[in-house]
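A.B. asks: Sequence:
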Amino acid sequence: TVNATGGEPETLWIDPDSGFPVRTEYLDGDGPAFVDYSDWRDVQGRRIAFRSVQTDGDHAFDVVQVTTSVALDGPVAPATFTPLVSRTIGTDRVHTVPLIERGGHVFTTVQIAGRDWLFLLDTGAQSILVDNSILAAAGVTGTGSMEVRGASRTGGMQAAKLPSLSIDGATMDDVVVSAMDLGKTIGGGMRFDGILGYPFFASALVQLDFSHKVMRFGPPGSFTPDGSKVDLDVDRELAEAQFTVNSRVRAPFIVDTGNSSEMLMYRPFLDAHPGIVPFTGATSWNYGIGGGNATYRSSLEALEIGGTTLYHRAVEVVLAKNGAFADRVDAGNVGLGVLSNFVATFDLGNATMYLAPGIAFDDGRRRTARM
867 TVNATGGEPE TLWIDPDSGF PVRTEYLDGD GPAFVDYSDW RDVQGRRIAF RSVQTDGDHA
927 FDVVQVTTSV ALDGPVAPAT FTPLVSRTIG TDRVHTVPLI ERGGHVFTTV QIAGRDWLFL
987 LDTGAQSILV DNSILAAAGV TGTGSMEVRG ASRTGGMQAA KLPSLSIDGA TMDDVVVSAM
1047 DLGKTIGGGM RFDGILGYPF FASALVQLDF SHKVMRFGPP GSFTPDGSKV DLDVDRELAE
1107 AQFTVNSRVR APFIVDTGNS SEMLMYRPFL DAHPGIVPFT GATSWNYGIG GGNATYRSSL
1167 EALEIGGTTL YHRAVEVVLA KNGAFADRVD AGNVGLGVLS NFVATFDLGN ATMYLAPGIA
1227 FDDGRRRTAR M
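1038 is the number that the working numbering gives to position 172 of the sequence shown; each next residue is one higher, with no gaps.
Pairwise CB distance ranges, derived in the manner of DEER restraints:
1) Ala945 <-> Asn1112: 48 to 58 angstroms
2) Gly969 <-> Arg889: 39 to 49 angstroms
3) Thr1009 <-> His1139: 41 to 51 angstroms
4) Ala1160 <-> Ala943: 49 to 59 angstroms
5) Asp1034 <-> Gly1087: 14 to 24 angstroms
6) Asp1101 <-> Gly885: 23 to 33 angstroms
Since the hints were made in silico from the structure, they are not lab data.
Here a beta-carbon is modelled for each residue, glycine too, at the ideal position from N, C-alpha and C.
Required output: the full structure, derived from the provided sequences and hints.
C.D. replies: Structure, rendered in structure tokens:
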């Protein structure tokens, strides 16, 4: 097992008879994932696995890769390994659009196939997700069947490519999206048409001013962000940052504009750090893709975020054992109830976020614990 500093553990399994690798094991969100290797063949004196299976134990969603042929030391067309170029949103100016508030969430209007659609702004989503009705309106057919991890693991998701989507005239062309029936998979009665996740935030510089209810965005570098710089980890195509809880435990949290509450804490983190927040009998439910999870309401004494300490934060402790809210990598997520204290600027292309106190900033010092 290898556990590099700042990384996550990986385990390599080796067949004692052949000496060949048979499995790699790594942590993937809420549990272990495996890649199994088989059908080892000799190709010009080199042993190569012609079959691999990637699984998390839910075999309905296994990914099987079969190699049909291998050519070694032959010429390779230069275009085959052309370095990828980051995509940026198609505009030459800075746009300012309204933030639409509903049920504690923030949305914006997106134009697809000549129609307006309501999209959730969600830095905690790894993709752009659309309802199946958008594919129908655009005359696009989804392909495949994939698993999605939200409040729980669920299926029914497909991949598709939309010719274009735009926000206030700024365009994203040939957009790869995920598609599913959102009305059936989101608990709590919330209705909207899609989710703008990582691909949008990575293509632009995006400022969310919650107090004034506006979003400002443009190409990367198109304006100068205000506030304290916060380094992000975007390797998983999520906005993850290191924050300090109760002045003693520094841990990674997802910065999640799609979460309407102040904070979520995940069961694995609480199991590893008992007593960080008190247990209470104040039960509730947290909803997301796939349905809902049982939680209990508690309170965190202090959260240091971007050089600012906030006090008496309301916390929902998620009791799920699987799904995105049982993640073993992150301690939890920080939602709009915290972020709305700031003007938040996301520069995911440079793995940074900037936080400036908003006009409604309140560090919570005079708050009483809310449960």
